[in-house]
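Novice: Taking the hints into account, I'd like the entire structure generated from these sequences.
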Amino acid sequence: VYSWRIADELLQQKRDLQSCYFAAQTIRSKIQNSFHELPASAHESLRESLISYISQITVETDPVIVTQLCLAISDLALLVSTWRNPVLTLIERFSTSQENVWPLLVILTLIPEEINSRYLRLGANRREEIHRDLKTDSRTVLEFMMACLQTGGHDPATQKRVIKCFTSWLSIHAIELCDIADNAIVGLTFRLLHNNDTCVQLHEAAADFVCTLLQCFEGNNAAPPVLQVQIFNAVMALEEAYN
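Sequential numbering from 1 applies to the sequence shown in full-length UniProt numbering.
Heads up, some of the hints might be wrong.
As the list claims (entries may be wrong) - Here are the simulated DSS-like cross-link-like pairs (lysine-lysine), alpha carbons at most 30 Å apart as the crow flies:
1. Lys-14 to Lys-30
2. Lys-30 to Lys-135
3. Lys-160 to Lys-14
4. Lys-160 to Lys-135
The set of hints was computed from the structure by calculation and includes no laboratory data.
Specialist: Dropping the structure here:
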């Protein structure tokens, strides 16, 4: 418990990059590997501390610190079953601030990815419960991602984060295929793949999304035929861009 307290104090003091990174990494590591050390009575205060630190993130914050803090709160949301509706809570807390959109998109990307993390001691029942909750939350998450594109849609960094977030939710089948017909994010990914000027990182994110989407169609008889035709035509149209 002493190391938790020291890491918390270092984050509060914000002395320098190294100490902040060490503190954020320590908290993330402790949540992943030693969560049992923390009494249940301290779970809520840890959550509020992490939310407070994340709310102070700005464009100047080093990405490595952002990643560690976002991993910490994502894993906490998965481990603490008494934290009800964490996704909706985090969207409500962070979506109103433009500076908080960056870490919020990272968190929403990490939560589905961390479900099967070998570091977290999640039982099968807990994983099933989380998956059901994410499916319930998916439309709200889709609406948030669409709002991100509307306010910062021409920013490549925002585009990449939105696409990676969408891919993460698709990969665990939390988003129903019937909910993405004529979706603007889907259209954006294909436009990016068509554009020879798309930067490498953004191109890779778009390609990963399309591959994940195609995998969702495999053995899925519930996929809307109209959507299947749309995606098939969009993929076939990429041939010209890659000649």
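Novice: Now, for every hint given, state plainly whether the structure supports it.
Specialist: Now the hints, each set against the structure:
A distance of roughly 20 Å separates the Cα atoms of Lys-14 and Lys-30; the hinted pair therefore holds under the 30 Å criterion. Of the pairs offered as hints, the one joining Lys-30 and Lys-135 holds, with about 28 Å between alpha carbons and a cut-off of 30 Å not exceeded. A hinted pair counts as satisfied when its Cα atoms are at most 30 Å apart, and Lys-160 with Lys-14 qualifies at roughly 29 Å. A hinted pair counts as satisfied when its Cα atoms are at most 30 Å apart, and Lys-160 with Lys-135 qualifies at roughly 22 Å.
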